[in-house]
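Let the hints inform the model, and build the full structure from the sequences given.
One line per chain: the protein sequences are A and B, in this order. Counting along the first sequence from 1, when you hit position 142 you're at 142 in our numbering, and nothing is skipped either side. Counting along the second sequence from 1, when you hit position 33 you're at 33 in our numbering, and nothing is skipped either side.
Take every hint as true, because none was put in to throw you off.
Computed Cβ-Cβ distance ranges for the label pairs, DEER-style:
(1) Asp28(A) - Tyr51(B): 29 to 39 Å
(2) Gly153(B) - Pro44(A): 19 to 29 Å
(3) Lys115(B) - Ala142(A): 28 to 38 Å
Read the hints as simulated data drawn from the structure, not as lab findings. In this text, all values refer to a predicted model and were calculated from it rather than measured experimentally. Quick reminder that beta carbons are idealized off the backbone N, C-alpha and C, glycines included.
Protein chains: 2
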Amino acid sequence: MMKLFGNRDSGHAYKVRLMLNLAGLPHDYEEIDLDLPRELRPEPFRSQSRYGEVPLLLHAGRAYVQSNAILLHLAEHTGKFGAESGERMTRVREWLFWEANRLGFSLANLRFGLKFTSTGAASDGQVMLRNRFNADIARLDAELADGRAFILGDSISVADVSLCGYLFWPEQAQVEIPPHVQAWLDRISALPGWRHPYA
Amino acid sequence: MMKLFGNRDSGHAYKVRLMLNLAGLPHDYEEIDLDLPRELRPEPFRSQSRYGEVPLLLHAGRAYVQSNAILLHLAEHTGKFGAESGERMTRVREWLFWEANRLGFSLANLRFGLKFTSTGAASDGQVMLRNRFNADIARLDAELADGRAFILGDSISVADVSLCGYLFWPEQAQVEIPPHVQAWLDRISALPGWRHPYA
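Below, the structure written as structure tokens:
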């Protein structure tokens, strides 16, 4: 049995929980209180989370961290979600690294500044992050403009699961979702097993 | 024969060129002028660089983009640099995603604001980026504090190659390198095939 340690406000943890649900993988779940200092968080989370962050996945006696690295592991474990071929895995990895450095940074940190800091919209970096978000979401909208169902074509992959991680909270980041991205999010949320991060 | 398209001021491109040199992989190199608008950059770069960015690696008729995804491909191609075992690849992938979202963002964008924008140190985001850089470099210094030679132990992996990408330009980002990180950089720069990004 797999066990996931996450937090309901973490889009990075949401990605992994969504993947487990979409793939129908049975798992336990434990909520980690991120208001606790790292040294006070419960075991085994504290010693197994190598960067001190959620998500952490325990699977077959091993600890997996970093949301996109966990997604790669789960794709390989299922043999689906992008792991069907070497060519699909190459494309998946490129999208996962793009996400880590682009949309998963700009959108996650826009939201963080607005929702979780006392300075809110006046936080340093909000202008830079919004400019980057605008470029990132335009790139994603252009990618999906040909009407394909999912990033790699007809079937979902962990690229979709990663890229949507923070996009179900647009109001918290005060952003607008363009039409091709919205239609793709609607297709994801219609899949069996999908749940909103706060559900 | 592999062909790399890069730019001498890109730490992302430097990572890949460094890997090719450390692994002794013969390759051609073409410099891309990043001052040109994307639609005016030369072919085949323009049509093959899926995100419009350097680096792009052409290998055996396929195009590889996103520096850390290229590093994973090259590790698998050589069977070394982290590809020696599944356990090492798991750790490598975690570090590569950490780099993409942490040090490879904070340091790269600190430097970009200071060196390549007219607003310099007054650019929005410099405070946030410096706070993140300080946390990131402290994390890396703590990781290396046990005196191991490289991130995964006695031998170099693409985790080292990725993490060092922007660290040979500390003066351009106006940062100081702590002692364990500096000793590790010195070990990297003593390896056969190493060259400074501007060499």
